[in-house]
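Enquirer: The listed protein sequences correspond, in order, to chains A and B.
Going by this note's numbering, the residue at position 21 of the first sequence is 21; the numbering climbs one at a time, nothing skipped.
Going by this note's numbering, the residue at position 237 of the second sequence is 237; the numbering climbs one at a time, nothing skipped.
What the hints contain is simulated information worked out from the structure, not anything from laboratory work.
Some hints could be false.
[Stated by the list, open to error] Quick list of in silico lysine to aspartate or glutamate cross-link-like pairs, EDC-like style, CA-CA up to 16 Å:
(1) B:LYS124 <-> B:ASP30
(2) B:LYS326 <-> A:ASP96
(3) A:LYS101 <-> A:GLU77
(4) B:LYS81 <-> B:ASP110
(5) B:LYS326 <-> A:GLU77
(6) B:LYS278 <-> B:GLU95
Now for the letters of each chain:
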Amino acid sequence: MYPENFRYTKEHEWVLADGDAGTVGITDHAQRELGDIVYVDLPKVGTRVDAGKSLGSVESVKAVSDIYSPVSGEITEINESLADAPEKLNTDPHGDAWLVKIRLSNVEEIQHLMSAADYQSYVGAEK
Amino acid sequence: MPAAPALRVTPLNSVHRALGARMVDFGGWDMPVQYSGIIDEHNAVRHAAGVFDVSHMGEIEIRGPEAANLTDYVTTNAVHKLKLGQAHYSGLLYEHGGFVDDILVHKVADDHYFLCVNASNQDKDFEHIVAQNHFDAVVENNGERYAQIAIQGPKARATLQKLVPVDLSGIKYYWFTDGEVSGTPARIAHTGYTGEDGFEIYVPPAYAERMWQRVCDAGAEFGIKPCGLGARNTLRLEAKMALYGHEIDASISPLEADLGWIVKLDKGEFVGRDALLKQKESGIRRKLIGFEMRARGIGRDGYEVFLDGAPAGWVTSGGPSPTLNKNIGLCYLPTEQSVPGTKIQVMIRNQPVDAVTVETPFYKRAK
Numbered sequence: 001m002y003p004e005n006f007r008y009t010k011e012h013e014w015v016l017a018d019g020d021a022g023t024v025g026i027t028d029h030a031q032r033e034l035g036d037i038v039y040v041d042l043p044k045v046g047t048r049v050d051a052g053k054s055l056g057s058v059e060s061v062k063a064v065s066d067i068y069s070p071v072s073g074e075i076t077e078i079n080e081s082l083a084d085a086p087e088k089l090n091t092d093p094h095g096d097a098w099l100v101k102i103r104l105s106n107v108e109e110i111q112h113l114m115s116a117a118d119y120q121s122y123v124g125a126e127k
Numbered sequence: 001m002p003a004a005p006a007l008r009v010t011p012l013n014s015v016h017r018a019l020g021a022r023m024v025d026f027g028g029w030d031m032p033v034q035y036s037g038i039i040d041e042h043n044a045v046r047h048a049a050g051v052f053d054v055s056h057m058g059e060i061e062i063r064g065p066e067a068a069n070l071t072d073y074v075t076t077n078a079v080h081k082l083k084l085g086q087a088h089y090s091g092l093l094y095e096h097g098g099f100v101d102d103i104l105v106h107k108v109a110d111d112h113y114f115l116c117v118n119a120s121n122q123d124k125d126f127e128h129i130v131a132q133n134h135f136d137a138v139v140e141n142n143g144e145r146y147a148q149i150a151i152q153g154p155k156a157r158a159t160l161q162k163l164v165p166v167d168l169s170g171i172k173y174y175w176f177t178d179g180e181v182s183g184t185p186a187r188i189a190h191t192g193y194t195g196e197d198g199f200e201i202y203v204p205p206a207y208a209e210r211m212w213q214r215v216c217d218a219g220a221e222f223g224i225k226p227c228g229l230g231a232r233n234t235l236r237l238e239a240k241m242a243l244y245g246h247e248i249d250a251s252i253s254p255l256e257a258d259l260g261w262i263v264k265l266d267k268g269e270f271v272g273r274d275a276l277l278k279q280k281e282s283g284i285r286r287k288l289i290g291f292e293m294r295a296r297g298i299g300r301d302g303y304e305v306f307l308d309g310a311p312a313g314w315v316t317s318g319g320p321s322p323t324l325n326k327n328i329g330l331c332y333l334p335t336e337q338s339v340p341g342t343k344i345q346v347m348i349r350n351q352p353v354d355a356v357t358v359e360t361p362f363y364k365r366a367k
């Protein structure tokens, strides 16, 4: 269910890091909790973000939820396709519906995040 | 720290849980917000049928020789004009003209009126009515005696018709009949809160589960779906139906809420009439109006509305409209600007986002 090579936050974001190149998204658990996602607000390319700080928001029919950046760094790319098809976050949150790519300023931060197994038991316990 | 009070449950609570509904605390009630998904449920109601547990709604009954006089005195609409078996939408007001609640009044008999009221307001409503009862009438707070199931959508009638001996086409919109559904005594009302055709049935709580199942079975061939409070909200917003705590509350009068049609100032004395007469004379300062977002973003409940760069009002309800595929909402604006075509900005996380006021309802079903 949760890819082994991702790292996870308690706020239900994931990050996949390859050196200092990170890809960030929200987890399947997050999309299920949110329900039908209808809008995604992402930062501009070049924006600096800090780990644990808001980097944007996703909105379901019912509510707005902040997305917290799992890592610090600079936004290098945003997933433009989500503007017209935010519902992709409900069907492929770990794949096609990634949110942003970040150039990590501190690759050590990854170590503080949960592994897939830890996240699985975290969301299992949360229920 | 005292423990949080236990949530109240409807007789269908275990049914919702078995269906895998997501449950939320709704004004102290443990209620389903969605089953298959809000958009899926919304579309089922617009195109086929949906079934809602609305047993949390309160019921207040007024009986006695002067039941009509008391009901007329505490509500804004003309109770004495109701015929037996007829219902209407109405307001319960404070002396100052603000809403205690918005309600449905059903005339069951010359000496018996049945009020359907909002769940979280029922005790307040009951006390308010009792305090005004200088009539030969008895007021009963009977929420626990009724479960309520709403069947809404173009296939609602065909669904319910399979379960009732009476011809439902004989019950006009906003009329009701006391009869049987699937052999169980029930009040069958041709009312709803979705902007779609449909019925609301009131049954004793002990029969609620059986009734729910029968309705689901009867509607299966039409694709009926269980629907939660999430879809109920998007449906009523498209139809521009007020929600207490959003469009209306103790600080808002029916004239401001664009509900002048439920106020019959010429019917004689009623609680709040003097305040409304004054408002009518001097004019209201703000009024409810619909809007559509013109730029990317969703204006939501409580967001500020700006006119020409200055704060001018607030969003009462807002969100995506699954039927129209637009982001819509309702807001209060100064009366002069509260007309369709006014350019406004909704403050979304400190950013002004363009929107424009529009005619409502946003959605009207084809008759």
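Enquirer: Against the structure shown, which of the earlier numbered hints fail to hold, in ascending order?
Expert: 1, 2, 5
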